[in-house]
Amino acid sequence: FFGKKDISGKMISFFSSVMTNNKNIRLGIISGIKKLYDADLIPYHREQFRTSIMYFNLMGGVRILEILSFEEVEEITIELLKEKIVSLTKISKFFKKHNKYPLK
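One point on numbering: in UniProt numbering, the residue at position 83 of the sequence shown is 83, and numbering is uninterrupted.
Any given hint could be a false lead.
Unchecked claim - Below 16 angstroms or equal to it, Euclidean Cα-Cα: the simulated EDC-like pairs (lysine to aspartate or glutamate) are:
| id | residue 1 | residue 2 |
| --- | --- | --- |
| 1 | LYS34 | GLU47 |
| 2 | LYS23 | GLU66 |
| 3 | LYS97 | GLU47 |
Read the hints as simulated data drawn from the structure, not as lab findings.
Given the structure is predicted, the values throughout are model-derived calculations rather than measurements.
Please model the complete structure; the sequences and the hints are all you need to start from.
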């Protein structure tokens, strides 16, 4: 799954973070993204990995990430990306409703 498309881009951005040296964090992020992808909720893009890594890097400033289990990381990743989907859907509906398209 991880190397499905654009393997070099995802690997470089994913493994450039020291945080992903932790097995639970690394596999939890990948598994969370895979579950959402398999459910056809998200596309398979580098952005999903980048968003997750940024979030965990920010969280690492106030929480000890090494104590998180694989399951906790997976669930956090799923919830994070689901929130992103909801936000993007709301924005898209707003622009469609008001006939405004920001990138036209």
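Hint numbers not upheld by this structure, sorted from lowest to highest: Violated hint: only 3; rest satisfied.
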